[in-house]
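Enquirer: Given next are the chains, with one letter for each unit.
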Amino acid sequence: MEGQMIANAFHHSYWGFPIALYFWLVGVSAGSFVVSSLGWVFGIKKYKPTAFFASNTAIVMLMIVPVLLIIDLGKPYRFFHLLLLGSFSHWSAPMVWGSCFILTYPVAMLFYSYFVYQKNERWARILGILAVVLALCTHWYTGVVMQLNPSRVPNHTSVAPILFLTGAYVSGIGFLICCLWLRNKFLAAEKQVPIELIADMARLMLYGIVFDLFLLGNEFLQMTYGVAEEHTMLYDVLLGVFRWPYLYLEIIWGLLLPLGILAIPKINRRMGWVLAAAFMCATGVYGMRIWWVMGTFYYQGHY
Amino acid sequence: MAERVYGFDGVSPSKGKPGRKRYAMVVDLRRCTGCNACTSSCKTAFDVPLGDWRIWVAEAEFGEFPNTRRSVLPRLCNQCDEPSCVRSCPTQATFKHPDGFVLQRYNRCIGCRTCMVACPYNARHLLPEYRRNRNNPRNVADKCDFCVVRVTRGLAPICVASCTGGAMVFGDINDPQSEVARLLRESKTFNLRVELGTAPQVYYIGLTESIGDPEFAFHNRSAQLHERYNSFKRNSELGGEMAGDIIDTDMGFWGLMRHIVRNFSSFFAQVPHKFFRGLY
Chain A
22 MEGQMIANAF
32 HHSYWGFPIA
42 LYFWLVGVSA
52 GSFVVSSLGW
62 VFGIKKYKPT
72 AFFASNTAIV
82 MLMIVPVLLI
92 IDLGKPYRFF
102 HLLLLGSFSH
112 WSAPMVWGSC
122 FILTYPVAML
132 FYSYFVYQKN
142 ERWARILGIL
152 AVVLALCTHW
162 YTGVVMQLNP
172 SRVPNHTSVA
182 PILFLTGAYV
192 SGIGFLICCL
202 WLRNKFLAAE
212 KQVPIELIAD
222 MARLMLYGIV
232 FDLFLLGNEF
242 LQMTYGVAEE
252 HTMLYDVLLG
262 VFRWPYLYLE
272 IIWGLLLPLG
282 ILAIPKINRR
292 MGWVLAAAFM
302 CATGVYGMRI
312 WWVMGTFYYQ
322 GHY
Chain B
-6 MAERVYGFDG
4 VSPSKGKPGR
14 KRYAMVVDLR
24 RCTGCNACTS
34 SCKTAFDVPL
44 GDWRIWVAEA
54 EFGEFPNTRR
64 SVLPRLCNQC
74 DEPSCVRSCP
84 TQATFKHPDG
94 FVLQRYNRCI
104 GCRTCMVACP
114 YNARHLLPEY
124 RRNRNNPRNV
134 ADKCDFCVVR
144 VTRGLAPICV
154 ASCTGGAMVF
164 GDINDPQSEV
174 ARLLRESKTF
184 NLRVELGTAP
194 QVYYIGLTES
204 IGDPEFAFHN
214 RSAQLHERYN
224 SFKRNSELGG
234 EMAGDIIDTD
244 MGFWGLMRHI
254 VRNFSSFFAQ
264 VPHKFFRGLY
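As they're listed, the protein sequences go chains A and B.
All letters in the first sequence, in the order written, are residues 22 to 324 by our numbering.
All letters in the second sequence, in the order written, are residues -6 to 273 by our numbering.
These aren't lab readings, by the way, just hints derived from the structure by calculation.
Among these hints, one or two may not hold up.
[As the list claims (entries may be wrong)] The calculated lysine-lysine pairs, modelled on DSSO-like cross-linking and capped at a C-alpha distance of 27 Å, are:
| # | chain 1 | residue 1 | chain 2 | residue 2 |
| --- | --- | --- | --- | --- |
| 1 | A | 96 | B | 267 |
| 2 | A | 67 | A | 206 |
| 3 | B | 89 | A | 96 |
| 4 | A | 69 | A | 212 |
| 5 | A | 96 | B | 36 |
Keep in mind that this is a model prediction, so the values were computed, not measured.
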C-alpha cells in the first residue's frame, strides 16, 4: 500500500566529513609507508631512494590524525579514557584497538625513519616489518570500525577492510607520486627521483586500481541483490545524494580515468600523465571514504 | 507464553535469577492514539534538547482517499539484552544493568558517537553544547534509560505514567503476576529488527510491517518528508552541520562542496567551545 512517513526522529549528528578525512589520511599514510618499505623490507632495491621521504610523508600525514580525532570528540579532554587500558577500555570495542594502533604506528615509523637515515640495514628491516604490519592494522581498523555494526547493513561486509586497504594503497602511492614530483622541483638534477621509478610506482598503483575496481564491482553486485538498506544505498550512490562522491569522484575520477591513462602504453611513462593519474587517484579515494562513512547514517535516520 | 526471539546466546542478565527484576515494556499499538503525551512529558522531565528525542512517535499515512489509514509507533530505546551500543562503546560508558536497563555514564563518555553508529534503532543522540540548564551534561551521548531514577523509587517511567490511552505497560516480567508478563503471555508480541540479534525488551502488540519495516521509509520517501527534514535543518541551531545534512536538493558538485565547507567550518567553530568552555 502506498504511504508516506509523516513524522520520525532524525538523530543525525554522527560522523561527518572530518572522520572521512581521517580515514583518507590514515590510508594515505599507510599507502606511502608500503612504498617506503618496498626497498628496505621487501628487498626491491630500486625503491630505496624513496624510502626516507615516503616514510616521513607517512609520519606527517599521520600526525594530523590525532588532532582531527580529538577535536571531533564531544569531550576532547577525555581522550585519555581510551588509553586507560586496564580500567576504562572495553576490549570488544574496535575503537580501542584502533587507539592502540594509532599510538604505536607512528612510533614504529619514526624509529624506522631513523634507521633508514642511519643506513642501518638490520634494524631498518626489523622496524620496517613492524611498521608495515601496524600500517596495515591501522587502516584495517578503519574498515573494521564500520564493518562491525550489523545495523549498518551496507557496511556490514567483510570486504570492507580489504576495500579500505586497497583504497589506501592506491591513494597512498598517488599522493606520494605528487609529493615526489613536488620535491623534484626543489632538488638538483642528480638528487631527483628518476621518472622511471615514478612510472614504476604508477604501475604498482595500476594493479591496485584494478583490484579496487574488482572489489567495488563485488560490492555493487551485493547492493543490487541486497536487502532493504543496501537497495537504499544503491539508489543513493547512483541517483541520490551520494552520486557525486561515489560515481563521479571515486569511480570515474579516482579509478576509471587513471586506469585509462595508466593502461595506455604510449603515455603511461610520461610524467605529466602519470602525475595526473596519481592526483586523480589520491583525491578520488576521498569520495569512497565519504560515501562509505556517511552513506548508512543517512538512511538510519529514516528508520 | 508468546514466542520471543533472543540474540545469539539468548541469555538475559537477570533471566532465571529468582528475586531479580527484569524490566520490560509492552506497547499495545491498538490502544495508542499518537497523542505524543509520552514525547512531551519525557522532553519536559529530562530537558531533552530540541531536535533530539528519548521517545518519539513515528507516524505514517497510507492509502488513497477514501481508503486511508494512519499508523503510529512510539519508539524508544529497546533496552536490548544484547546491546550493540554496549559492545561498541570504547570506554564502558554505557552498560547493561542486570535488571534490564541499558544505562549511560556521562562522566565516562567521551562523545565519540560510536554507540550512535552501532544502535540499530536510532535511539541515541548527542547532547548539544548549549543546554537550558548549564549543569546538565553536554557533548556526551544520551539515551532513554527506562526512567531508572523513577523506577528504582517505585514509580512507572514517565511515558507510561502519562500515556493517555493506557497503551504502554511497564513492569517486571520475572513476576508472572505482573501485567506486562500477562500481556506477553497472552498476546502475540513483536520486536523491532529482531534479525539483528539484539534481543530488544520493548515489545509491541499489533505492530504492522508498514510502520515497523525500515524498507518502508525508502519506498515512501516523499517530498513532504524531505521538506520537513530540510526545514528542521535550516531552522534548528542544534541540528548541526554533520553527516545528516546531505539532502536531496544538494546532489550536485557544488552541493557536495558546500557541505564539505559547512561541515568543516562548524567542526572548527566548535573547537574553542569544547576546549575553553566557561572562559567566555
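Enquirer: Against each hint, give a clear statement of whether it holds in the structure.
Expert: Quick rundown of the hints versus the structure:
1. Between residue 96 (chain A) and residue 267 (chain B) the alpha-carbon distance is near 7 Å, which keeps this suggested pair within the 27 Å criterion.
2. About 21 Å separates the Cα atoms of residue 67 (chain A) and residue 206 (chain A), which keeps this hinted pair within 27 Å; it holds.
3. The straight-line distance between the Cα atoms of residue 89 (chain B) and residue 96 (chain A) is roughly 23 Å, inside the 27 Å bound, and the hint therefore holds.
4. Under the criterion of a C-alpha separation no larger than 27 Å, the hint pairing residue 69 (chain A) with residue 212 (chain A) is consistent with the structure, at around 13 Å.
5. For a cut-off of 27 Å, the pair hint linking residue 96 (chain A) to residue 36 (chain B) stands: about 24 Å separates their Cα positions.
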